[in-house]
Amino acid sequence: MNKEVLSGSELQKKQRISQEDIKRAEDRRHVKRHRDERRPIMLFWVLLGPGILVMLGENDGPSMISYATTGATYGIGFFLPFILLTFAMAYVVQEMTVRLGAVTKKGHAELISERFGKFWGWFAMGDLALGNLLTLVTEFIAIRAGLGFFHVPAALSVLGAFLLIVGAVATQRYWTWERVVLSFAIFNLIFIPVALMTHPVTTDVVKAFFTWGPLPGGMNAAFMLLIMSNIGATVTPWMLFFQQSAIVDKGLTSKDITHGRIDTALGALLAAVAAIATLLATVPLFTHHVNASNFQGADFAQALIPHVGNIGASLFALGLFEAGIVAALTISLSSAYAFSEVSGRSASINSPIKENAYFYIFLLAAAGIAALLVLIPHAPLVMITLLVNVIAVLAMPPAILFLLLLVNDKEIMGEHANRALGNVFGIGVTIFLILAGLTYGMLTCFPHLLPTS
Amino acid sequence: MRHTDSPSCSSSNANHAWVHEVLEPEQLSSMKLKFGRRKLAPPTLALLWILRLYVLLMILLIGYQAWSAFHPKS
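Sequence order for the protein chains is A and B. According to the numbering used here, the stretch in the first sequence is residues 1 to 453, in order. According to the numbering used here, the stretch in the second sequence is residues 454 to 527, in order.
Simulated from the structure, these hints should not be mistaken for lab results. Every residue, glycine too, gets a C-beta built ideally from N, C-alpha and C. It is possible that some hints are incorrect.
[As the list claims (entries may be wrong)] Below, in silico cross-link-like pairs of lysine-lysine (DSSO-like), each with a Cα-Cα straight-line distance of 27 Å or less: (1) A:K410 x A:K255; (2) A:K354 x B:K492; (3) A:K410 x B:K485; (4) B:K485 x A:K255; (5) B:K485 x A:K354; (6) B:K492 x A:K207; (7) B:K492 x A:K410.
[Said to hold, decoys possible] Simulated restraints on C-beta separations: (8) B:W502 x A:A154: 41 to 47 Å; (9) A:P216 x B:T497: 40 to 46 Å; (10) B:A470 x A:K255: 19 to 25 Å; (11) A:V290 x B:W502: 42 to 48 Å.
Can you build the whole structure from these sequences, using the hints too?
Next comes the structure, spelled out in structure tokens:
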């Protein structure tokens with residue numbers, strides 16, 4: 001790698017320390033101590049975060065609704081192994097962002113801007129900002145729906161969620177923010193007890209993983225849309241931007257890549273288990289022929305009461321709230337990271353508000369606008385929810401192309417650039433996602449291309 | 454090619470030797486690496502534009518679809 005070599009004294013003069021650096025150094029001091037003292041579990045504890053957050057963050061409101069719809073429409077069968085496959089794809093894509101962040105110490109939007117010019121940087125940022133704003137709206141819809149099950153007024157749920165976002169970033173500390181969000185994210189697994197309450201037939205579940213079946217109704221438009229929706233629920237552009245920037249903000253270096261990979265793999269595994277649990281939780285609706293195709297928000301929790309009781313339904317509604325709040329926290333941060341990176345500002349939650357006001361203003365403005373949109377009477381919320389996954393899947397091919405270009409760039413990645421096998425997987429996933437995006441887009445616009453039943 | 458930014462931040466490093474011990478130089482906000490602009494090969498550039506147009510076109514189509522849903526033909 002090319003690097004300008006500075007003498008010791010020149011280097012000392014240039015190295016000025018900011019508050020952001022001090023906070024990051026405090027975190028890194030723990031990493032150094034645990035590494036020096038050879039304490040692997042503690043080392044992993046301090047290094048984990050971005051991978052788990054990005055994967056559980058993507059198990060957001062619309063995603064959980066998508067898994068619930070899948071379970072209620074198709075029961076136990078094809079979609080169980082398919083969900084595992086989508087999370088394997090998510091791992092392949094996200095692992096590249098771990099390396100990019102740890103090696104270059106730059107966020108995704110910043111790297112695109114620097115390597116390919118501001119023009120492409122702002123384009124990528126534009127896609128992300130639009131997609132994130134719409135997605136944030138759906139997260140507030142999920143929050144409202146989840147708490148609505150407990151008769152919490154809509155305005156109160158939305159305001160409470162917004163204040164939680166404000167509170168988390170007001171810490172002005174990446175570590176604190178990360179741990180707060182992780183403590184919420186772990187409740188994504190709340191769908192597991194709901195699934196167990198439905199008493200799924202173990203042999204059917206195991207059989208589905210080996211046979212990729214059954215698939216009631218075969219291939220039709222509804223099936224294809226659920227396929228794409230499940231992909232859209234697993235691999236989306238904000239994930240690329242968020243994880244790479246979070247890796248940089250956390251201060252991970254090339255020495256931490258292995259831990260970053262384990263963090264991402266663990267996140268993918270936890271998210272896949274939660275997604276499969278959500279699907280299994282709604283299988284009784286399939287068994288009892290309940291038409292869930294137009295279910296929104298807490299309708300699933302309501303419909304599940306006869307099968308899992310009030311406790312199970314309440315857990316399902318709480319899970320929906322959790323999915324919305326974790327995604328709102330992570331997605332609003334990903335927007336602020338990208339905006340600051342493209343506009344040449346510091347993109348760090350470690351930076352003090354008075355020194356980096358734009359970062360916080362953008363973050364809270366993104367969340368605030370979405371929160372307000374949800375409260376507008378007669379706003380087309382259902383339409384927005386439907387559009388979110390479409391736009392996410394459509395915006396993915398250009399985002400992945402940039403990712404592949406960057407991760408193969410030996411000038412910036414050196415020995416950590418993609419190798420042949422990495423490219424086989426990376427390009428394979430890219431082609432699959434491009435085809436999926438095309439199909440999803442075409443079927444959304446021209447729903448009669450495939451038979452409807 | 455990489456080079457480093459000029460200094461921009463507040464305090465001197467005199468009292469913060471420990472920071473230099475735990476952070477790599479380019480992790481400091483004043484020492485961020487700058488990667489030069491990379492020239493994109495014409496086929497790559499073409500592919501980027503095709504994907505860009507594809508996204509714009511599909512968003513327009515979806516916008517039309519959404520508009521149609523709100524204004525059904527009588």
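Against the structure, the hints come out as follows:
For the hint linking K410 of chain A to K255 of chain A, the alpha-carbon distance of about 18 Å falls within 27 Å, and the restraint holds. Distance hint between K354 of chain A and K492 of chain B is unfulfilled; the C-alpha atoms sit about 37 Å from each other, more than 27 Å. Taken as a hint, the K410 of chain A and K485 of chain B pair is honoured in the structure, with Cα atoms around 19 Å apart against an allowance of 27 Å. Simply put, K485 of chain B and K255 of chain A have alpha-carbon atoms about 18 Å apart, close enough for the 27 Å limit, and the pair holds.
The straight-line distance between the Cα atoms of K485 of chain B and K354 of chain A is roughly 21 Å, inside the 27 Å bound, and the hint therefore holds. Taking the CA atoms of K492 of chain B and K207 of chain A, the gap is about 51 Å. The hint is violated against a cut of 27 Å. About 14 Å separates the Cα atoms of K492 of chain B and K410 of chain A, which keeps this hinted pair within 27 Å; it holds. Judged by the Cβ atoms, the range 41 to 47 Å given for W502 of chain B and A154 of chain A holds: they are separated by roughly 43 Å.
The given range of 40 to 46 Å is respected by P216 of chain A and T497 of chain B, whose C-beta atoms sit roughly 44 Å from each other. For the pair A470 of chain B and K255 of chain A, the supplied restraint of 19 to 25 Å holds, since their beta-carbon distance comes to about 21 Å. Separated by about 47 Å at the C-beta atoms, V290 of chain A and W502 of chain B satisfy the suggested range of 42 to 48 Å.
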